[in-house]
Amino acid sequence: MLGRLVGLRLLGVVPQLALVSALVFALTYLVPGSPAAVLLGSRATPEGIAALEARLGLDRPVWVQFQDWVSGVARGDLGTSWYGGREVTDVIGQHLLPTVCLIVGGTIVAVTLGLSAGVLAALRQGGIVDRVVGVITAAGIAVPSFWLGLLLLSLFAVQLGWLPVLSWTPPDRDLGAWARGLVLPSLAAGAAGAAIIARHSRSAMLEALEAPYVQTLRAIGTPRRTIVLRYAIKNAMTPILTVVAFQVSTLIAASFVIEQVFTMPGIGSELINAVARKDIPVVQGITLVVALAVIVIYLVADIGYAIVNPRARPQ
Amino acid sequence: MKRVVLQLLRRPATATAAGFVLAIGVIAVLAPALAPYDPLTQDYARTLEGPSADHLLGTDYLGRDVLSRLVFGARVAAQASLQTVSIALLIGVPLGLIAGYRSGWWDRVMMRLLDVADAIPGLVLAFAVIAVLGTGLTNAMIAVSIIFSMNFMRLSRALALGERERLYVDAARTSGLTQRNILLRQILPNMAAPLIVQSTIFMGTALLIEAALSFLGLGLETGSASWGGMLSGSTRWQFQQPFLPWPPGLAITLTVLAFNVLGDGVRDVLAGGTRDRTPRRRPRVRARRAAAQPSLAQLPDDDVPLDVRGLSVAFPGEDGDVEVVSEVSIRVRRGEALGLVGESGSGKTMTGRAVLGILPAGGAVTAGSIHVDGAQIVGRDEAALNDVRGSRVAMVFQDPMVALSPVHTIGRQVGQAVRNHAPTLSRADVRRRCVELLEMVRIADPEARLGDYPHQFSGGMAQRIVIALALASNPSVLIADEPTTALDVTTQQEILDMLTDLKQRLGTAIVLITHDLGVVADACDRAAVMYAGQVVEEAAVDDLFAAPRHPYTRALLAAMPTGAGGDDRLPTIPGRVPPMTALAPGCRFAPRCAVRTDACDAAPVELGAGVRCLHAGAAWQAGDAAHERRSQVQ
Numbered sequence: 257m258l259g260r261l262v263g264l265r266l267l268g269v270v271p272q273l274a275l276v277s278a279l280v281f282a283l284t285y286l287v288p289g290s291p292a293a294v295l296l297g298s299r300a301t302p303e304g305i306a307a308l309e310a311r312l313g314l315d316r317p318v319w320v321q322f323q324d325w326v327s328g329v330a331r332g333d334l335g336t337s338w339y340g341g342r343e344v345t346d347v348i349g350q351h352l353l354p355t356v357c358l359i360v361g362g363t364i365v366a367v368t369l370g371l372s373a374g375v376l377a378a379l380r381q382g383g384i385v386d387r388v389v390g391v392i393t394a395a396g397i398a399v400p401s402f403w404l405g406l407l408l409l410s411l412f413a414v415q416l417g418w419l420p421v422l423s424w425t426p427p428d429r430d431l432g433a434w435a436r437g438l439v440l441p442s443l444a445a446g447a448a449g450a451a452i453i454a455r456h457s458r459s460a461m462l463e464a465l466e467a468p469y470v471q472t473l474r475a476i477g478t479p480r481r482t483i484v485l486r487y488a489i490k491n492a493m494t495p496i497l498t499v500v501a502f503q504v505s506t507l508i509a510a511s512f513v514i515e516q517v518f519t520m521p522g523i524g525s526e527l528i529n530a531v532a533r534k535d536i537p538v539v540q541g542i543t544l545v546v547a548l549a550v551i552v553i554y555l556v557a558d559i560g561y562a563i564v565n566p567r568a569r570p571q
Numbered sequence: 012m013k014r015v016v017l018q019l020l021r022r023p024a025t026a027t028a029a030g031f032v033l034a035i036g037v038i039a040v041l042a043p044a045l046a047p048y049d050p051l052t053q054d055y056a057r058t059l060e061g062p063s064a065d066h067l068l069g070t071d072y073l074g075r076d077v078l079s080r081l082v083f084g085a086r087v088a089a090q091a092s093l094q095t096v097s098i099a100l101l102i103g104v105p106l107g108l109i110a111g112y113r114s115g116w117w118d119r120v121m122m123r124l125l126d127v128a129d130a131i132p133g134l135v136l137a138f139a140v141i142a143v144l145g146t147g148l149t150n151a152m153i154a155v156s157i158i159f160s161m162n163f164m165r166l167s168r169a170l171a172l173g174e175r176e177r178l179y180v181d182a183a184r185t186s187g188l189t190q191r192n193i194l195l196r197q198i199l200p201n202m203a204a205p206l207i208v209q210s211t212i213f214m215g216t217a218l219l220i221e222a223a224l225s226f227l228g229l230g231l232e233t234g235s236a237s238w239g240g241m242l243s244g245s246t247r248w249q250f251q252q253p254f255l256p257w258p259p260g261l262a263i264t265l266t267v268l269a270f271n272v273l274g275d276g277v278r279d280v281l282a283g284g285t286r287d288r289t290p291r292r293r294p295r296v297r298a299r300r301a302a303a304q305p306s307l308a309q310l311p312d313d314d315v316p317l318d319v320r321g322l323s324v325a326f327p328g329e330d331g332d333v334e335v336v337s338e339v340s341i342r343v344r345r346g347e348a349l350g351l352v353g354e355s356g357s358g359k360t361m362t363g364r365a366v367l368g369i370l371p372a373g374g375a376v377t378a379g380s381i382h383v384d385g386a387q388i389v390g391r392d393e394a395a396l397n398d399v400r401g402s403r404v405a406m407v408f409q410d411p412m413v414a415l416s417p418v419h420t421i422g423r424q425v426g427q428a429v430r431n432h433a434p435t436l437s438r439a440d441v442r443r444r445c446v447e448l449l450e451m452v453r454i455a456d457p458e459a460r461l462g463d464y465p466h467q468f469s470g471g472m473a474q475r476i477v478i479a480l481a482l483a484s485n486p487s488v489l490i491a492d493e494p495t496t497a498l499d500v501t502t503q504q505e506i507l508d509m510l511t512d513l514k515q516r517l518g519t520a521i522v523l524i525t526h527d528l529g530v531v532a533d534a535c536d537r538a539a540v541m542y543a544g545q546v547v548e549e550a551a552v553d554d555l556f557a558a559p560r561h562p563y564t565r566a567l568l569a570a571m572p573t574g575a576g577g578d579d580r581l582p583t584i585p586g587r588v589p590p591m592t593a594l595a596p597g598c599r600f601a602p603r604c605a606v607r608t609d610a611c612d613a614a615p616v617e618l619g620a621g622v623r624c625l626h627a628g629a630a631w632q633a634g635d636a637a638h639e640r641r642s643q644v645q
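Chains as they are written, first to last, in this note's numbering: chain A, 257 to 571; chain B, 12 to 645.
Just so you know, the hints here were simulated from the structure itself, not pulled from any lab data. Worth double-checking, as some hints may not be accurate.
[Stated by the list, open to error] Far from chain A, by Cβ distances over 12 Å, these chain B residues were calculated:
id	residue
1	K13
2	L33
3	G61
4	D65
5	A128
6	D129
7	L144
8	L199
9	F326
10	V333
11	R344
12	E347
13	P417
14	R430
15	I490
16	D609
[Claimed, not checked] Derived lysine to any residue pairs resembling SDA-like cross-links, with alpha carbons at most 20 Å apart:
id	chain 1	residue 1	chain 2	residue 2
17	A	K534	B	I153
18	A	K534	B	L144
19	A	K490	B	L461
20	A	K490	A	D558
21	A	K534	B	T146
22	B	K13	B	G228
23	A	K490	B	Q467
24	A	K490	B	D463
25	A	K490	B	G462
26	A	K534	A	Q516
27	A	K534	B	G145
28	A	K490	B	H466
29	A	K534	B	G228
[To be verified] A few chain B positions that, by computed beta-carbon distances, are all more than 12 Å from chain A:
id	residue
30	A34
31	A570
32	T592
Here a beta-carbon is modelled for each residue, glycine too, at the ideal position from N, C-alpha and C.
Okay, chain A solo, but in the shape it has when bound (with noise of 0.2 Å):
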C-alpha cells in the first residue's frame, strides 16, 4: 500500500523535475548580454566572445545545449565549471559531507527542541512555560541566524571555550571533534526552524487536546499522560509534518550561510563564490541537486503522512 503511495508521487515528481531542470538550464540565457560576455568583462573583445563561446560550446543551437545538459544530468554529468574547468559533480562531491551533516545536525534541533517546546507549552496553556516559549519562538524567528550563529560562536567558544572555534573535523579524523564541531552551526541553523516548529506543534497539539475524541477518552478513564503521549500527539503529528518538511528545505539554504559564519568548507561557500563571478554550471548543478533534496524531503514528509494519517492513504 505504501509502495502504491510512493509510486503514486514518483509519477507527480517527473513533471516537476522536468520543469526544474528546463528553468535551471534556462539560467544561463537569462544573463543579460552574453555570458561570455561577462566572463570576460572589460577584457572583452568580439573575437574573444566568440572564441570563449565556442569554447564553453554557447555558439551551438539553443535545443542542442539543452539535449546535451539534459542527458548529462541524466548521466549525472553536470558539466564543467566555467573557472578552472572542474567538473561540477566533483565540486558538490567534495564539499558535500559538511553540509550534509550540518542540514542534519540543524534539523535534529529543529524537529526536537521544536516539538518539544510546542508539546510542552500547550500542555501548560496560559502558563508560565508557554509564556517563555512564546517569547523564545518570537525572537528565534526574527534574529538573523548568522548573528545568532556569530553570538553563539563568541560566548561558548570564544568566552566560554566549551567547544571548538573550528567547527569542522572531519569525522574519520577525529570523531569526538567533529561532533562536538557540529553542535553550534547545528543550534544556529536550526534555531529558526525550531521557532516555527514550536508555534505549529504548540498550536496542533491544542487543536488535538480540544478535539471530541479526547473527552471520549475522558470520559472512559484514560489517564491524561496516555491521552497526551499516545493519543493527542499523533493527531497533532499530520499539520506539524506538512510545517517540519517546509522547514527542513528552508533549512538546506540556511545551512549555506551558517557554514560561511563557521567557515565550515560545504557546498555553500563553493555556491557563493560561483553567484559572486557567475559561474552558471556550478550555480546550475547546485541548485539542481537540492532541488531534488527538497523533492525527495516532501516525498519522505507524504510517505510519514501516510503512516500517521490513514486517511491520506491510496485506498
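With chain A fixed as given, assemble chain B onto it according to the hints.
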C-alpha cells in the same frame, strides 16, 4: 475597519509593535534631519569606538557614526521591504486570482510553476537570480519579490477558489457584472485581510533575507548604510569591538519581531480570536446550602447508581460567575432510562459532563453532590475521577464521527477502554474482550474490523463503537448526550433500540440527554425537563406526555411534530432561551409563558412535587387538552 483598528490597539503587544513599525517609518522619512552625522563620513582617528557622548552608539571600523548609519539604514529597510512586498503583490495576486477564478489550463500552468517554486528554497532562488543579474540590493530584492509572489499567488488562488464557490459570486455572474468587475469588486475586498497579514510578515522576512545576502557579500555594496550590511560588516570586527554588531542586529531583530507580532495581531483580531485566552480563575464554590446537602438518612442505596442533588455548575464570565446549571437533582435507578430534555443552552449537557467531572475549561461544580454507586464525585481529584470514569459511569457523545481518534484503529481505542480498568489483562484477553464488546453492539465480523479506522465506518456503526467503548468496563451509569442527533432517522431507531436492550440486559442506568421528545417517548422511563439551567418538571414519561404540568413542557409537546399534521405549520415556542447572564428575577420561563401572572416575577419559583410552576394546577387543565389531542393523533 475602525473597529478592527480599535481592537488592535487594545492588545498591548500589537499596539507596541504597530508603534515600533510606525517609528521606523518616521525615522526613515526624517533620516537626514535626525542623524547627527553623515552616514558615510569616515574618521580614521576614531575607529571601532564604543558608545560615547559624541558617538552615542560608537563608530565602526572606518570611524563612521553607528547611530547615523542606523538611522539611514531605516531608509534602506523601509524601502527594501515595501518594494519587495509591493512588487510581489503586483505579480502574485493577479496571477493567483486568474488561476483560481478561471481554472482550466491557466490554473494548471500556474500550479506547475508553483511546483517548481516549491522545489527550490527561496534563498537558493535568490542566489540563482543574483548569479544571473549580478550583485546589488535591487537584484537581491527582485529575487526576494519572486519568492514572495509565488506565495501570494498560492494564497490568492486558494482564496479566489474559495470565494468562487460562494453564492454571491454566482449571483453577481447572473446579474451581468463583467468578470473584471467580479474580480475587483467582489473577490479582492474579501482577500484583503489575509493578504495584509501575509504582507506584514513578509516585510520582516525581506529584512532577514536582505541581511543574509549582505552578510554573504551578495547584497548591497559594502559602503552604503543598510542594517544587514552594517551587521555583516561589524561581524568581522566583533572581537575588537563586541558592541558593534548589537545596534544593527537588534534593529533587524526588533523590526522583524514587530512585523510578525503585528501580522499575528491582525490575524487574531480578524479571526475574532480570543481563542487563546483561557480563564484562569475558577468559579467560587458557594457555601453548600442546607437543601443541597444530602442528609445521612437520604444517602443513596444500591438500587440508585446515580444520585445528583442540588447540583450547580458555573463558569467565570466577564462580570462574575455565570451559573449554567442551578440546583439540579436527578436520581436514576438500575435498568432505568431518564430523559434529560431541553433546548440547547438549558444546561443538560453540562449536568451530564459534571457527573464525569469533565466540564470544559473554567467550569466548576459550585454546589451540590453527585453520587455514583454511592461514592461522591464532587471534589475528587483527577486520579480518583479516572478510577470512576469508564468503570462506574461513562458517556457517549453527539457526533460519533469525531468522537473517535481518526488516526488510531478501532481495536486500539476499544482496547484502551478495556485496559483502563483492567491493566493486568494480557494482550490476547484484551483482544477477546474487544471482540466481545463489538459483538455486543452488533458489529458484523468484529475480529476483522478491529484493525479498521473510524473513517471506514458509517455514522451509526461508529456510534455503536463509541457505545462499546463506554460499556467496556460495565459501568453502572451511562450518560448519552444526544447520541442519535447526528444520525439519520433509521439509524437513530437502531441505536435507541440497542440502548434499551443493553439497559435491560446489563441493568445499566441511562441518562439520555436530548432535545427531542420523540427520543424520550421511545427510549426513556422517566424524564426531567430542563429550562435555563433548572429542572422545571420531572415525571414518568407516560405521565409527562399525558398530563404535562409545566407550561414549558406543554409548549415543547405542542411544538413536537406528530406526523399526522392537522396544522398547516409546526407550532413553535415564542421567544428564545434567555442568556444565563440575563435571567428573569422570578420564574425563568415567565417572559415566554402564556399563563404568566405578576406573582411569577416576584420571586424565584421552587421545585415542588415534581414541577417548578406557580400555576401547575392550571397547567393540568391545559395539559388534558393536549393529551386529548395527542391521543386522537395516535
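Worksheet item: Among the hints numbered above, which are violated by the structure, and what are their numbers in rising order?
Response: 5, 6, 7, 13, 14, 15, 22
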